[in-house]
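Undergrad: One letter stands for each residue in the lines below.
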Amino acid sequence: MVTYILRRIAGMIPTLIVVSIISFIIIQLPPGDFFTTLQAETAQTGGGQDTETVKLMQERYGLDQPWTTQYFRWISGFPRGDFGWSLEWHSPVLPLVLERMGYTCLVGGLSLVFMVVVAVPIGIYSATHQYSIGDHVLSFLGFLGLSLPGFLLALLWMFLGIVVLHIPVGGVQAIKFSGQPMSVAKALDYLNHLWPPAVILGLASTAQLQRIMRGNLLDVLGQQYITTARAKGLPERKVINKYGVRVAINPLISVMAMEVPKIISESTIVGIVMSIPTTGPLLLRSLLSQDMYLAGGFLLFMSLLLMFANLLADIALAWADPRIRYT
Amino acid sequence: MIDYEAQSRKLFELYEQHTGTAKDFANAEADDESLMATFAASQWQLMWRKFVRNKVAIIGGVIILLYYLTALFAGFVAPYTLSTRFVKYIYMPPQRVHLFHDGKFQPYVYDVELEVDENLRKIYTPNPDVIIPIRFFARGEPYKLFGLIETDVHLFLTPEGIVSLLGTDRQGRDMFSRVLYGSQVSLTIGLLGVLMSLTFGSVLGIASGYYGGWIDELIQRLIELVRSFPAIPLWMALSAAVPPHWPPLRTYFVVTLILSVIGWTWLARQLRGKVLAMRNEEFILAAKLSGASDARIIFRHLVPATFSHIIVVSTLAMPAMILAETALSFLGLGLRPPITSWGVLLKEVQNLQSIALYPWVFTPALAIAIAILAFNFLGDGLRDAADPYTV
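Listed in order, the protein sequences are those of chains A and B.
Here the first sequence is numbered in the working numbering, starting from 1 and rising by one per residue.
Here the second sequence is numbered in the working numbering, starting from 1 and rising by one per residue.
Worth flagging that the hints you see were computed from the coordinates, not collected in a lab.
Each hint can be trusted.
Listed below are the simulated BS3-like cross-link pairs for lysine-lysine, each with C-alpha atoms no more than 27 angstroms apart in a straight line: (1) B:K347 <-> B:K122; (2) B:K347 <-> A:K262; (3) B:K274 <-> A:K262; (4) B:K88 <-> B:K122; (5) B:K88 <-> B:K347; (6) B:K274 <-> B:K288.
Construct all of the structure, not just a fragment, from the sequences and the given hints.
TA: In structure tokens form, the structure reads like this:
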């Protein structure tokens with residue numbers, strides 16, 4: 001198992017190198033850059049402290065060199081945790097990115113929890129009450145959820161909250177809690193602000209999961225050993241929960257894993273619409289102001305997160321399903 | 001000796017009479033014909049029959065058709081042009097259309113009166129004393145139908161005043177007309193984007209599945225690489241590189257191209273799977289044995305066989321394309337005015353405060369939601385129909 005994981009991680013390295021090259025090319029694409037603007041500005045204001053920063057930046061990242069040199073200067077800092085310097089925030093890129101990634105993981109994690117908690121029971125209900133009114137209604141709702149992606153749902157939710165429900169929407173905490181130490185009330189307030197984006201992010205995947213859970217369980221319930229269990233006189237609850245669900249739930253792990261990239265990707269835009277400090281708003285800002293190292297850092301770390309999520313999913317699958325051999 | 005055969009025949013006849021399964025000789029021929037029709041129906045006929053039975057898919061299809069028709073004739077259906085401004089009617093709420101006047105069919109709207117309250121908020125109240133009749137096929141502002149034919153005939157107009165079915169925006173422009181013009185861009189960008197990803201995706205997907213070996217390996221690595229980027233951030237970063245001073249048409253095409261950069265991978269995977277499964281079927285083997293070239297096998301046998309699948313996959317890919325464009329334009333990274341798409345319209349809403357005060361400026365989102373749902377309904381129905389042999 002350990003060798004399998006190590007091999008998978010080693011396999012990620014070439015991909016990561018190519019990803020870093022592509023990220024770098026993309027952030028180099030826009031004409032003009034923040035650095036030139038900054039140079040012009042400092043020249044205008046007569047320098048001072050900024051002149052020194054500008055000079056250091058130029059030397060450190062080779063900003064007057066061809067792009068290949070710039071790229072190697074950029075990646076040479078990676079092992080030391082130097083992922084570039086944000087010109088707009090006057091700060092290293094790493095802490096800025098990590099803070100935002102934390103929110104992305106938090107919201108994404110919450111939506112994964114929501115997914116499992118909601119989709120599995122609904123799937124079980126739908127399978128055990130096949131073609132009943134409840135099944136049809138839930139399937140239709142699932143279809144709606146599948147069709148309306150996070151961006152649109154977030155917009156509609158903001159609209160509903162403002163126009164119909166008259167509640168404050170967006171943001172991560174009420175103003176009165178800002179700057180206060182962590183307390184139960186503050187944590188609850190966080191949760192109160194974070195569940196809507198989590199639900200919105202997870203809804204499409206929930207629908208997908210619910211559909212597959214229903215199909216799987218229906219398949220399993222048609223098997224002979226279920227009939228045997230019933231014939232033995234086991235209570236129906238036990239037949240469903242112990243014999244049916246336990247087998248049907250296994251493939252869900254890989255389905256969930258396939259939904260993770262979607263959640264990571266969607267979280268940017270949902271974050272922007274609902275003003276949640278996920279990677280989205282800062283990425284957008286860095287792109288608009290051509291703060292290239294910050295934008296590149298975000299691209300790189302989000303790809304890394306995605307790859308790790310895939311790795312975790314593979315490991316979970318290998319661990320849950322003994323038929324998969326990790327060699 | 002007992003005639004067993006006669007007995008059993010008798011028995012069967014009795015059974016048939018009893019259960020009503022006996023052949024009705026008078027109608028036998030008609031029965032046979034309809035049965036024969038089923039057996040002789042081509043695959044496309046079978047698919048069509050199955051599709052037509054799916055009411056939800058039909059509704060979705062009709063909505064899509066209406067969307068594209070109105071987009072095609074946007075200039076005609078819209079009472080005003082994109083930039084027509086009514087300086088006197090800024091942020092006017094939608095007007096109610098009354099259909100009958102004095103017992104006769106004559107649609108009309110009431111004139112509106114503007115008041116400004118103590119908070120300087122504009123309040124429009126309909127004035128039931130002044131009715132403005134809606135005229136059909138009236139002459140109004142000139143526009144170019146399909147961008148070619150110059151004309152000034154509009155489907156409906158109110159020469160005596162203003163008609164605004166969806167209200168007006170902060171510059172006093174008619175939302176209904178703007179949503180219609182916006183659909184032209186949004187719907188075609190979806191279509192073009194899917195077409196482009198389809199071209200990349202089907203060529204690479206079919207090649208990957210058919211040839212296998214190192215070609216397959218290479219294409220799969222490429223797909224994996226593209227997919228190791230999260231889609232929306234990659235789209236955002238690429239569109240941020242589009243210079244703002246580019247002419248509208250070039251921006252439009254480049255944004256479409258950016259959307260298909262990721263879109264093709266999904267299509268390619270789907271088609272590869274389909275081709276892999278088909279590669280070892282007898283009809284391909286037969287074609288190979290009779291000396292058909294690879295090109296002939298691909299274009300004569302594989303492409304037609306995967307065609308229904310391609311249609312389904314591309315219908316289901318449409319909503320994602322339309323939404324991606326909307327999202328990018330909404331963020332200010334995709335299309336920019338003067339190109340008007342639904343996303344550009346949503347960006348103009350600007351802040352949430354104006355949604356609260358003037359909810360009708362949010363109608364583009366509704367137009368998108370309906371389009372997306374319709375595409376999904378249609379795609380779902382097509383997917384079921386594409387496999388006509390399962391019930």
